[in-house]
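> Chain A is fixed; fit chain B onto it per the hints.
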Amino acid sequence: MMISKTLLEEVLGRAMSSGADFAELFAENTRSNSVFMIDGKVDSITDHTISGVGIRAFLGVRCVSASTIDLTREGLLRCASQVADVIADNPTALDIHLTERCFGDVHPIQIVPDTAKKSIKIDLLKAGYFAAKNYHEDITQVTARLLDTDHKILVANSDGLLTTDRQIRTRMAISAVASKNGENQSGFSGPGRRMGLELFDMIAPESIGTEAARSAIVNLNAGYCPAGKMTVAIENGFGGVIFHEACGHSLEATAVAKGMSQMAGKLGQKIANEKVTAIDDGTIPNAWGSFNIDDEGNPSRRKVLIENGILKSYMIDKLNGRRMEMEANGSSRRQSYEFDPTSRMSNTYIAAGNDKNEDIIASIEYGLYAKNMGGGSVNPINGAFNFAVSEGYMIRNGKICEPVRGASLIGTGSEILQNIDMVGTDMKTGQGMCGSSSGTIPTDVGQPLIRVKEITVGGR
Amino acid sequence: MEKFDLLKQRIKDSSETRGITEYELYYSEDSSISAETYRDEISAFSSSVGGLLLYRCIVDGKIGYASTEALDEAEMDALVARAAVNAVCIEKDEKAIIFGGASPDAYQKVPQIEFAMPTAAIIKKEAMKCRDLMYAKDSMIADGTECGAFAGQSVVRLFNSNGLDLGISAGNCGEYLQAVLDNGEEKQYEYDYLYNQFGDNEAQLQELTDTILAGAHAKFGAGKVSTGKYNVIFDHKQMKAILSTFLPAFFAENAQKGLSLLKGKVGETIAADCITITDNPFYEKNPMQIPFDGEGVPTKKKNVVENGVLKTLLYNLTSAEKDGVETTGNASRSAASIGTRVYSFYINPGELTRDALFEKAGNGIYITEMKGFHAGADAITGDFSIESAGFMIENGKIGAPVKSFTVAGNFFALLKQITAIDNVLEMKAPGFTQIGAPDVLVPDMSIAGE
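Read top to bottom, the protein sequences are chains A and B. Residue numbering for the first sequence follows my numbering, beginning at 1 and increasing consecutively. Residue numbering for the second sequence follows my numbering, beginning at 1001 and increasing consecutively.
Since the hints were derived computationally from the structure, they do not count as laboratory data. All C-beta atoms in this analysis are idealised placements derived from N, C-alpha and C, irrespective of residue type, glycine included. Hints may contain errors.
Claimed, not checked - Listed below are several chain B residues computed to face chain A (Cβ distance under 7 Å; list not exhaustive):
#1 SER1046
#2 SER1047
#3 GLY1050
#4 ALA1066
#5 VAL1085
#6 GLU1091
#7 ALA1120
#8 TYR1176
As the list claims (entries may be wrong) - Only pairs whose alpha carbons sit at most 30 Å apart, straight line, appear in this in silico DSS-like list of lysine-lysine:
#9 B:LYS1322 / B:LYS1095
#10 A:LYS258 / B:LYS1137
#11 A:LYS117 / B:LYS1008
#12 A:LYS41 / B:LYS1322
#13 A:LYS118 / B:LYS1062
#14 B:LYS1302 / B:LYS1428
#15 A:LYS117 / B:LYS1095
#16 B:LYS1229 / B:LYS1257
#17 A:LYS118 / B:LYS1257
#18 A:LYS356 / A:LYS399
Stated by the list, open to error - Short, incomplete list of chain B residues facing chain A, as computed with Cβ under 8 Å:
#19 PHE1045
#20 TYR1065
#21 SER1067
#22 THR1068
#23 LEU1071
#24 ASN1086
#25 CYS1089
#26 ILE1090
#27 ALA1121
#28 LYS1124
#29 LEU1194
#30 GLN1197
#31 ALA1335
#32 SER1337
In isolation and in its complexed conformation, chain A is listed as follows:
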């Protein structure tokens, strides 16, 4: 990203030249790699460089944006002029002086994946692939992907801020299909971190393949889940996806500022069971959804969203902050320079409580233990959700019994928040890619084992 400070100042001045009250430039250079295996062989390698600039200008709560891959002086000035031409019509000459700030880096990287030999990555991937393939004779197909990105960003704005960050992430994702008597069931495992290849010293690739295959085999031998209202225990890790989708998104200023959220206007009110404390924390070292600075250049923060059931804060970006008359809090994210940033989650989880796991299971006379969750959908306006349980077991008389497949959890965000009445002690996260108006970004979801006293289980 060889854009000089002088040129940045000139470009921001141009963006402000028609009378905007704020302008920002976001520059990016990202190396993105992925190796894909199927049928026991390396099938394809994606090796891509993303490079470009996005410019925004504000006038009150109006925002205009433009992006370009042309990083020459002429290209950048043309991009800034587009923005200036639309945002206002009040010629102004401004002298912008940028002062550089360094926020530091709390995410040490030992092996930068983009610089590692391809053969090392392929060996790691094969270890995971064949652990899945050889797990059981009923495993008929495996696909495996090793992804890594090296995302360098620069943010400069008309308030004089100039800052940079480098975000390196690594992930291995394995899917296994188990087949018997003409029936297929699948299993998935996909851990990732804001780390380099040293991730696989912490999480062995073999364990990733084994987990995907184990889950597929469990489902292959499971009967169908009965339907009805029941008490459900949702396991830690990716189980947190329900909180993320059904509650987290309605705490983003994107939804709150326009009154599109069930949580708008409820700060200080009790919106959840007192057992529930929920946090969004972009500062956790080496966590998948962490960053040193957000995509507006603000340091990332730890935000208590819900404390003992009381709504404490939202995730806020600069533009929506203006609409809500609240300050931005390090929550602005964008997939790339081509997207406008907005308020998004980072690592969002229900904090550990003090119920013991064994007490939670023992308290359920008849219900479902959702060991792992799959995908789902949420209606953002009323919070109605429907999520697939990717690995589930019946609970009878306080004991985990036989596996069941085809279960889904159906409810609304506000209802499930009230119904979480036991919260375990062992918080764990799971990795996801979250899609919204500012693109697809890495986020962690998480929770300890929780008990939902009543929820509709879809099955047959």
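Chain B only, in chain A's frame:
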């Protein structure tokens, strides 16, 4: 084009220095600009200049890919080096192919329309013009009504070591209008696009606004339908959505992977007599025509289905090699692979007027809205079950609005069940790819209502 030629030279030099004799460079450049209104002002504006260089080369019989948006000469060396490393890592058994070339005559001439990107001021003015038309015409107009204007331009260049050096550029612009009406009890909406030249388009916009508003008004007070079997007319937008959903079944690469029920069906009847489906890179009403595919192979117009008989699947060089046939020139190009694509892909219109088609239906349901294809349709089996809305058909005429019912069926069965189609083919989304169909009549469709 000067910039591309500089980059091309660097790629050439770098490849040759490394002893790489077979390689290909695919370059695309896209610019776009758009504005959108909310209430009485411009609520969103964006403009983008994007571009992409995709390089691939053959090393030791394997093909490796690398790509970049950083279009500076210094990056070109690294691009070639990365693709070469990636090539030797590939293990799949598939013949590595870079197109050997064709005579210049093999590429059909396409109209080269000089397209100038409109300025931000023009885009703004155009969007506000639509907004004003919409608000002036109807007192029930409510928040959620949005009007927009947009323009886009694309350049594609393809160069390879076998002497190929191709290029195309094209652009289009238009308006988007969405009306939300509120009668105090419920809200209804309708939207449509118009593609044209900006400026002298008042009459067209007036007509479109009238159609949209009439469409939204007609939806008020929709009732329920009883569960049962009905004669159904899918309007052209819904038939287009159905055809788009099951399009991958026509790709040979999917048939080869066991992911298409059309596998082995070439020469067999797969649809009603009245169905002819054409893939046409030179559809005359499309300003974005393209004479070469993602591998540089000349494109051609062909009937995929002719009077109900499947004539061919769609091929790129690799899938054609596997089946021992000629490619149909339908290769798509992405960062790490060659896939399959279509151009203007449509069901040809028939003889009947729209009135005659309704006459033929007699009584039934006219389906004008279907939601949730991503969840309610299985692209492999062809099964679909989709939440829909539309109008009753009573004695050959459009009757009362109906909503909240599900239409279920199977795409491959539906193709055979069609008894008639009308004579209007409307394709309103010019891009290098567009899909279209007339209104079609299908008897005995399963409808789940009350």
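> Each hint: holds or not?
Status of the hints after comparison with the structure:
1. SER1046: Holds: closest Cβ of chain A sits about 5 Å from SER1046 (chain B), inside 7 Å.
2. SER1047: 4 Å, holds
3. GLY1050: 6 Å, holds
4. ALA1066: 4 Å, holds
5. VAL1085: Hint holds; VAL1085 (chain B) Cβ to chain A Cβ min 6 Å, cut 7 Å.
6. GLU1091: Since the shortest Cβ distance to chain A is 4 Å, the answer is holds.
7. ALA1120: 4 Å, holds
8. TYR1176: Constraint on TYR1176 (chain B) not satisfied, violated at 18 Å.
9. B:LYS1322 / B:LYS1095: Distance ~9 Å between LYS1322 (chain B) and LYS1095 (chain B) Cα, so the pair holds.
10. A:LYS258 / B:LYS1137: With a Cα-Cα distance of about 27 Å, the restraint between LYS258 (chain A) and LYS1137 (chain B) holds, given a limit of 30 Å.
11. A:LYS117 / B:LYS1008: Within the cut-off at roughly 28 Å; holds.
12. A:LYS41 / B:LYS1322: At roughly 19 Å apart (the allowed maximum being 30 Å), LYS1322 (chain B) and LYS41 (chain A) satisfy the hint.
13. A:LYS118 / B:LYS1062: 15 Å, holds
14. B:LYS1302 / B:LYS1428: 21 Å, holds
15. A:LYS117 / B:LYS1095: Given pair LYS117 (chain A), LYS1095 (chain B) holds - Cα atoms ~25 Å apart, limit 30 Å.
16. B:LYS1229 / B:LYS1257: Roughly 35 Å separates the two Cα atoms, so the pair is violated.
17. A:LYS118 / B:LYS1257: 28 Å, holds
18. A:LYS356 / A:LYS399: 14 Å, holds
19. PHE1045: 5 Å, holds
20. TYR1065: At about 7 Å, which falls below the 8 Å cut-off, the nearest Cβ of chain A leaves the hint on TYR1065 (chain B) intact, so it holds.
21. SER1067: Hint holds; SER1067 (chain B) Cβ to chain A Cβ min 5 Å, cut 8 Å.
22. THR1068: Result: holds, 4 Å to nearest chain A Cβ.
23. LEU1071: OK, holds: LEU1071 (chain B) within 8 Å of chain A, min 7 Å.
24. ASN1086: Holds: closest Cβ of chain A sits about 4 Å from ASN1086 (chain B), inside 8 Å.
25. CYS1089: 5 Å, holds
26. ILE1090: 6 Å, holds
27. ALA1121: 6 Å, holds
28. LYS1124: 6 Å, holds
29. LEU1194: Violated: closest Cβ of chain A sits about 22 Å from LEU1194 (chain B), beyond 8 Å.
30. GLN1197: Cβ of GLN1197 (chain B) sits 21 Å from chain A, so the hint is violated.
31. ALA1335: 5 Å, holds
32. SER1337: 6 Å, holds
The structure does not agree with the numbered hints 8, 16, 29, 30 stated previously, though it agrees with the rest.
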